[in-house]
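*Asks:* Here's the letter readout for the chains.
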Amino acid sequence: MNALARRAAGLLLGTLCLPFAALAADPQPTHEFILDHGLKVVVREDHRAPVVVSQIWYKVGSSYETPGQTGLSHALEHMMFKGSAKIGPGEASRILRDLGAEENAFTSDDYTAYYQVLARDRLPVALELEADRLASLRLPADEFSREIEVIKEERRLRTDDQPNAKAFELFRAMAYPASGYHTPTIGWMADLERMKVEELRHWYESWYAPNNATLVVVGDVTADEVKGLAQKYFGAIPKRAVPPAKLPLELAEPGLRQLTLHVRTQLPSLIYGFNVPSLATTKDPRPVNALRLISALLDGGYSARMPARLERGQELVAGASSGYNAFTRGDSLFMISATPNVQKQKTLADVEKGIWQLLDELKTTPPTAEELERVRAQVIAGLVYDRDSISSQATTIGQLETVGLSWKLIDSELDELKRVTPQDIQDAARTYFTRERLSVAHVLPEESAHE
Amino acid sequence: MSDRSAPRYTLFGLGIIVLVVALALVLARPARSDNATKVESAGVRPANTLQSLAELDGKAPSRRQLNIQSWNTAEGARVLFVEARELPMFDLRVTFAAGSSQDGDVPGLATLTNAMLNEGVAGKDVTAIAQGFEGLGADFGNGSYRDMAVATLRSLSTPDKREPALKLFAEVVGKPTFPEDALKRIKNQLLAGFEYEKQNPGKIAGKTLFNQLYGNHPYAHSSDGSAESVPGITLAQLRAFHAKAYTAGNAVIALVGDLSRAEAEAIAAQVSGALPKGPALAKPAEPAEPKPGLTHIDFPSKQTHLMLAELGIDRQDPDWPALSLGNQILGGGAFGTRLMSEVREKRGLTYGVYSVFSPMQVRGPFMINLQTRAELSEGTLKLVQDILAEYLKNGPTQQELDDAKRELAGSFPLSNASNSSIVGQLGAIGFYNLPLTWLEDFMQQSQDLTVEQVKAAMSKHLAADRLVIVTVGPTVKQKPLPPPTDKPAEQPLGVPEH
Chain S
0 MNALARRAAG LLLGTLCLPF AALAADPQPT HEFILDHGLK VVVREDHRAP
50 VVVSQIWYKV GSSYETPGQT GLSHALEHMM FKGSAKIGPG EASRILRDLG
100 AEENAFTSDD YTAYYQVLAR DRLPVALELE ADRLASLRLP ADEFSREIEV
150 IKEERRLRTD DQPNAKAFEL FRAMAYPASG YHTPTIGWMA DLERMKVEEL
200 RHWYESWYAP NNATLVVVGD VTADEVKGLA QKYFGAIPKR AVPPAKLPLE
250 LAEPGLRQLT LHVRTQLPSL IYGFNVPSLA TTKDPRPVNA LRLISALLDG
300 GYSARMPARL ERGQELVAGA SSGYNAFTRG DSLFMISATP NVQKQKTLAD
350 VEKGIWQLLD ELKTTPPTAE ELERVRAQVI AGLVYDRDSI SSQATTIGQL
400 ETVGLSWKLI DSELDELKRV TPQDIQDAAR TYFTRERLSV AHVLPEESAH
450 E
Chain W
0 MSDRSAPRYT LFGLGIIVLV VALALVLARP ARSDNATKVE SAGVRPANTL
50 QSLAELDGKA PSRRQLNIQS WNTAEGARVL FVEARELPMF DLRVTFAAGS
100 SQDGDVPGLA TLTNAMLNEG VAGKDVTAIA QGFEGLGADF GNGSYRDMAV
150 ATLRSLSTPD KREPALKLFA EVVGKPTFPE DALKRIKNQL LAGFEYEKQN
200 PGKIAGKTLF NQLYGNHPYA HSSDGSAESV PGITLAQLRA FHAKAYTAGN
250 AVIALVGDLS RAEAEAIAAQ VSGALPKGPA LAKPAEPAEP KPGLTHIDFP
300 SKQTHLMLAE LGIDRQDPDW PALSLGNQIL GGGAFGTRLM SEVREKRGLT
350 YGVYSVFSPM QVRGPFMINL QTRAELSEGT LKLVQDILAE YLKNGPTQQE
400 LDDAKRELAG SFPLSNASNS SIVGQLGAIG FYNLPLTWLE DFMQQSQDLT
450 VEQVKAAMSK HLAADRLVIV TVGPTVKQKP LPPPTDKPAE QPLGVPEH
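Residue numbers (numbering that gives the first Met the number 0), protein chains in the order written: chain S, 0 to 450; chain W, 0 to 497.
The hints are simulated quantities; they were obtained by calculation from the structure and are not laboratory data. There could be a bad hint or two in this list.
Cut-off 20 Å, straight-line C-alpha distance, at most; resulting in silico cross-link-like pairs (EDC-like, lysine to aspartate or glutamate) [claimed, not checked]: (1) 58/W to 120/S; (2) 478/W to 196/W; (3) 197/W to 159/S.
Which residues of chain S face chain W? A few of them, derived with a C-beta cut under 10 Å, are [to be verified]: (4) 67; (5) 89; (6) 123; (7) 149; (8) 266; (9) 338; (10) 386.
Using N, Cα and C, we set each Cβ at its ideal position, and we do this for glycine too.
Use the sequences and the hints to build the structure in full.
*Replies:* Quick look at the structure:
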């Protein structure tokens, strides 16, 4: 049960959670500097164990892609493991494996990132390998011809054979009518089928420049140490002009959109998404922070409103969740999803009614001080808990920097949330929870198609 | 270190939705990037073009030193404690031998009991309990697997947070009231979860595999029980199970964090004292050898899921270091294993292929799993079987073994870098009754192994013709596999010996 509660709290805290001066624990020194060619480096010291995580974040992802070329960022991520000037295909992974490192990469709509976690004395190897593939990726055609098959398998595994993932992909395409967030990160299958290695080369040459990247190192290191290494391995890579990157802006009120899907599932479910700004696109952070608090009030724990009322009180849903990512480069969505409690003969219509009751209540009735205090307590504790993982610290820093915000935002996290008043919450609910901003998907079992 | 064969998919009825929202945040989860053993490679270069690699001194890296302290509570619970003062927080993990292998003839009983712990205590309903933890910023967690059931608490260590959080935790674990309405609701959620699983070919394959592998043994059934078994479970059964399985004598208490020894002792005594009195439960019986063979389940997916398994070992088996290292080379890591190299790298047949030994209280499974496009599934299955057969026949090469040892030594510092990883390790050491020096012993034993010893252990415990195989996917006309890349194998750049 409570895995749920923790996860829900994570929606609030997960993307944004480093503690600094405000907390009881000694602050961990964090340093930033920019090399001459524009590579930004953030170093955060954590000396609890002789280990270190290195992450490099590129400002490119699926929201940068154009129709017909979807999936390029993710495919390029795969090909970054296929050799550069100093090493052959797959060899970097082999070297890192022999050193006992964990490594991988991830692609999203806003970024592509690569990481290594390893014993502190091995950090230079990680940086040299990372610099080499930034400077001199090989992109062999024969490797690409096999790797694109792997990517198609990945798509089948994660999307095509997962009815709910497939539904969500189509939902996003509808909910983002204007911006590149329309595009699934893995790419449409038709585009994977016709992708050429030359397109990847072009993509690589366009975006993989030191001045379009952020290097984040967290662990048992000092700023001077990292500065020396970064200069040594990355220093000679030339600065390059990158294409202008326009923020993925959305229509404020695109109108009510509805989608009915019949997929291979036994249970119906419902997806709601309201078009809302993010911290990067809003002029005033207050309504955005109010939306973050609303998400926590609805689903920030097992005592929050959705589990307490929809799941338990009214027994309307087998499960429900809300989520809002305020840390995107462009405009965002406030998401709600739910599965009706079919054992109690509840329908999607019942669930929609229940959800609107919660949303309308937010518009008319301020939350109690006690409820807000509970959310705050979770935020404060979450700031400490997050320090237990060097990787999650690095990810928070990298993500903030890459979506155009500063990692220093973390410092003011608590204050920003404290500044939100009950009136702000009501105002935000009234502004954003409207039919004009809403996309709805009804995801139904296939049998219903014949009823 | 946990019971990996039994992930907790209990409440996946809820999980679906969670997934949908999580996807909004990070759509493409870490794409597994690749690589290969004996990597084929374009162009041959002189070794050591990597300056940083040449400069490594070749010594095994240093690691965080753990001072594991251990004692028993008055009621007989084993306690393991590591003091970690750096962050003002602590982790408590209580593990009971109360997993689904103790279900008896009521599949799902252990899971339901565990899921009901935080649904009510004297004077508090489920929402009041949740408000209690969340108002303190504390995280309560629970979970139930085949061997074990766990309850966890993460809290700030300052007394005004710690003390009320622990008081509530002790009540929840030791004195749950099991309210009737909550039982009905959670049963419904489990039933929704079973419905949801029907759309997931991987889940179907996993459930079928355990059935085939374990027959009448208690490991055979899913920890969640089934749509047939769950509705009939009664409150009386839950209470009896709790009284028998959540006893102090059946518990291991692991603690890591910002606590003194005296504080840790007081916490352990408080938790232990709140539990029912009673002894440890007996381990399940040894499973019988399964009948080898293939079971196919027709399913309208694009990919076919392949699972291959045999009975492996229990956690006390002296061959565990050899099998662990042997498996690491075969398919135990994300990158550079034989399976990943042959199936993904050279042929592009799958996104991922993994093998694993899951040592449990009694013989846990050895499993290989992967997915591939349906029209290549038979050829891929044959390929995987051939790789396993060849490996069992000839064992690893000296180079592979040396590399694997180096990898293991290099990764050791990562294994105890965080409080959460340490508390997990303590829980496993305590639960499987391993010596406090277990981590060091395991490392030393692994470093001492020879090719012959690894080969002997692998072929002693596994046989290529004993596989129990389950495939789930559509029945389609099969195509031959594409030829592998024919690049010559190339040694990786020299990594310094140590």
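*Asks:* Give me the numbers of the hints this structure contradicts, sorted from smallest to largest.
*Replies:* Hint check: 2 and 4 fail, others pass.
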